[in-house]
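There are 2 protein chains.
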Amino acid sequence: MEGFEKSLEAILQLIGEKKYALVREELLENNEADIAEIIEEVADELGTEKSVILFRMLPKDISAAVFAYLSSDCQVDIVGSITVKELQNIMEEMSFDDMIDALEELPANVVDRILMRTDKETRKLINQFLNYPESSAGSLMTIDYIGLKKEMRVRDALQFIKIHGMDQETVYTCYVMDSQRHLEGIISLRTLVVSESYEVVADLMHEDFISVNVLDDQEEVAQLFKKYDFLALPVVDKENRLVGIITFDDIMDVIEEETTEDIERMAGVFDGTDKEYLDISVFQHIKNRIPWLCLLTVSLMITGAIIAQFEDLMSKVISLVAYMPLLMGTGGNTGTQSATLIIRGMSLGEIELKDVLKVLWKELRISIVIGVILSIINFAKIMIIDREPFLVALTVSVSVVIIVMFAKLIGGLLPMAAKKMKIDPALMATPMISSITDMVSVIVYFLLGTIILGI
Amino acid sequence: MEGFEKSLEAILQLIGEKKYALVREELLENNEADIAEIIEEVADELGTEKSVILFRMLPKDISAAVFAYLSSDCQVDIVGSITVKELQNIMEEMSFDDMIDALEELPANVVDRILMRTDKETRKLINQFLNYPESSAGSLMTIDYIGLKKEMRVRDALQFIKIHGMDQETVYTCYVMDSQRHLEGIISLRTLVVSESYEVVADLMHEDFISVNVLDDQEEVAQLFKKYDFLALPVVDKENRLVGIITFDDIMDVIEEETTEDIERMAGVFDGTDKEYLDISVFQHIKNRIPWLCLLTVSLMITGAIIAQFEDLMSKVISLVAYMPLLMGTGGNTGTQSATLIIRGMSLGEIELKDVLKVLWKELRISIVIGVILSIINFAKIMIIDREPFLVALTVSVSVVIIVMFAKLIGGLLPMAAKKMKIDPALMATPMISSITDMVSVIVYFLLGTIILGI
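Protein chains in written order, with our numbering: chain P, 0 to 454; chain S, 0 to 454.
It should be emphasised that the hints constitute simulated quantities derived from the structure, not laboratory data.
Treat the hints with care, since some could be wrong.
Any copy will do: because identical chains look the same in the list, a pair fits if it lies in one copy or spans two.
Said to hold, decoys possible - The list that follows gives simulated cross-link-like pairs (lysine to any residue, SDA-like), each with its CA atoms no further than 25 Å apart:
1. K237 - L124
2. K84 - K119
3. K225 - E260
4. K226 - V253
5. K353 - A9
6. K148 - E195
7. K419 - M151
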């Protein structure tokens, strides 16, 4: 890591001194992932013009790999500054799935111009891939894999891999198909290498392999990878014909994306882009955040309207008002804990819908103990430090127990109910839970106050 | 997936009918990961006694693999019901890193009994591995890798892999060392397979490989995997001697664990265990949740004390009280959005400490627009629907703008300040941010009220 940062600093300085021959030399000291990062940093620091110059310095054989590592913003900048011919060369050198990813982000007119220059067969394939739904297995897969035949001997298979191995996404899992491309088995390169050269693929391959369908959701695919520690997974169509493979590196990105989406939704942010925080414009940030805030404002207005109903009570015992934030806050905090644990548990597959009673029973017991502990702390503080009347302390501390119990139960139940109704459970996190507990807290508190204080 | 669930149902029924021969047959229809999941489910549904029976049905060659897939709770249950001899057999069949993982979870007296029966060399190695700090690279690595020599020809290397390949964690990346085990280069099996048999390893290997130190933090290691899409990464000691390798499947678990920890901390839950929600006892759940709740209660008490200072103002204009939750809630919600985006951005490496001014400038612009929008909505509602005096509406809507700006800035700043001070930024999420914005909201609101309403 240190080497890369030193290199970046040297390059920034050399660009300032316009010593481009030395820039090129320094740049090529790095591997492709680091070159891409240096280009991104140069774009940030010195503008896209300089970063394009850096990119055009790269030899043809590595520019494709670097291009694949760049963010889509940076890809678009570069595409805007090179000829279609140059772009086509890059596309041809890229692996198939990286090319599809890049094409998805490019402006439609550029994509059209690239497609016009490719042969009919490839064009058809690219169009097919561009049409898979955004988060389907199809959109993640690549067609660069090793296909073998059942009757091959180990030595033939290894010879086949020796010839075709360099162009494939992975050679470590190979796919055995019949003449109609129906998937019959998979075999690892490890098995081939440790077997005798005269053995036959059909006898060595696994026939009870797991495969996914092109239209399966990427989240399900990611679950399979996590469960079975796959390097790659075959993707088949309805007739069980192999159409592509998904490799673990693409799945790591999927897991990260899905988690980020979950976390953002849990905070009431709906990011329509896949961009990094600093790359998102102020306007887009506002668009991502304002809808949920407006909804929450309405809910807070309702809470306010409820409070207004108790103005009479409050004006008689004004000290009750000072404990309102305590009760609302405690409801929100305890509810958030439960909701977050349940949402995360469900997204990891640890909690299923059938566990709903177990969850509620657990949360009920937890909430009673926590409610009583917090209630005692508050009672003591109100009596000893605030020196308020016993009945005020009683109102607050009984409210605490009821609110904590309600908050933990609703925090456990709501994400599961959302999942049942096919709504994303992540929506049922902090902002939603605290809106609901706010309303309930106020009602419980003031109703109890009316009863206990006899007003 | 369907096959596995059908199998589970059949097994549950067959156990009920005590047809154990058929249970065994059905069980062995599944692969190791699914067998482990079936055993876990049986433990949940019918108790550990039955799950142990299932485990003991397994042939020796697959019981080790199944054992490695089981949760640590289930492992402990099984260890308690089998003889040390049986356990030792399982340990011997397991891969080295799975064995270390299992040993870490077992009770100390069981570990001692196992170690007593292993030879001195292995015992020393196990003890060394058990002593690596919990989240260090050392604790993740395995010693089962392929080591080659520089002067080997491709055919010798492949022959070596053919003999030793089945026992290793991975054969797809091989490590080239000198006689003192200093790491000199790495070479992929792909390179070996596509090269001519007379070529020499020294000419084919990568010498500019990336390695990590045994004591490096697992989060840094995970970042490297994500950036470079590695299958495996070598772990070296201070003298650059190879001590083990880390494979991508262990890293996927690390990423998941670290994310869960982040998400839980962001909700104020501090889970001392790595267990699943349903496996954690009620007592442990309470222990995980109560400390942060007590801290938040203190902060809510302070907010209450601040409010109490303004009782005079409130009793004169009681309608002000009804808007208090709106302001506190809006502060919390807007601050949470910013804090969450910054925390996630930092944990993905998208936002660095040097970006602090960029972040604040972005949040400032966002907060002004959002503040003004929410302010207008509230002003209109208070004037038109609530029909409150102009000065009350003015107090609320000016407060909204100031509170949103404060909340977004503190939401952006606090996680970065925490990181600077080497505190986990995830602590600066919802509960913390909303505690702070609560206090500030109340002060801003009532001070403005005093000034505008002239009380």
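Against the structure, the hints:
1. Taking the closest pair of Cα atoms, K237 and L124 come within 25 Å of each other only inside a single copy of the chain (18 Å); across copies the shortest separation is 50 Å, beyond that limit.
2. Within a single copy, K84 and K119 get their C-alpha atoms as close as 18 Å, which meets the 25 Å cut-off; across copies the closest is 65 Å, which misses it.
3. With identical chains, the CA atoms of K225 and E260 are at most 25 Å apart both within one copy (19 Å) and between copies (18 Å).
4. In this assembly of identical chains, the alpha carbons of K226 and V253 lie at most 25 Å apart whether taken from the same copy (15 Å) or from different copies (14 Å).
5. In the homo-oligomer, the alpha carbons of K353 and A9 lie at most 25 Å apart only across protomers (18 Å), although the nearest pairing inside one protomer, at 59 Å, exceeds that limit.
6. When the C-alpha separation of K148 and E195 is checked against a cutoff of 25 Å, the pair qualifies both within a copy, at 17 Å, and between copies, at 23 Å.
7. In the homo-oligomer, the alpha carbons of K419 and M151 never lie at most 25 Å apart, since the shortest distance is 49 Å inside one protomer and 60 Å across protomers.
In this structure, only the earlier hint numbered 7 is contradicted, and the remaining ones agree with it.
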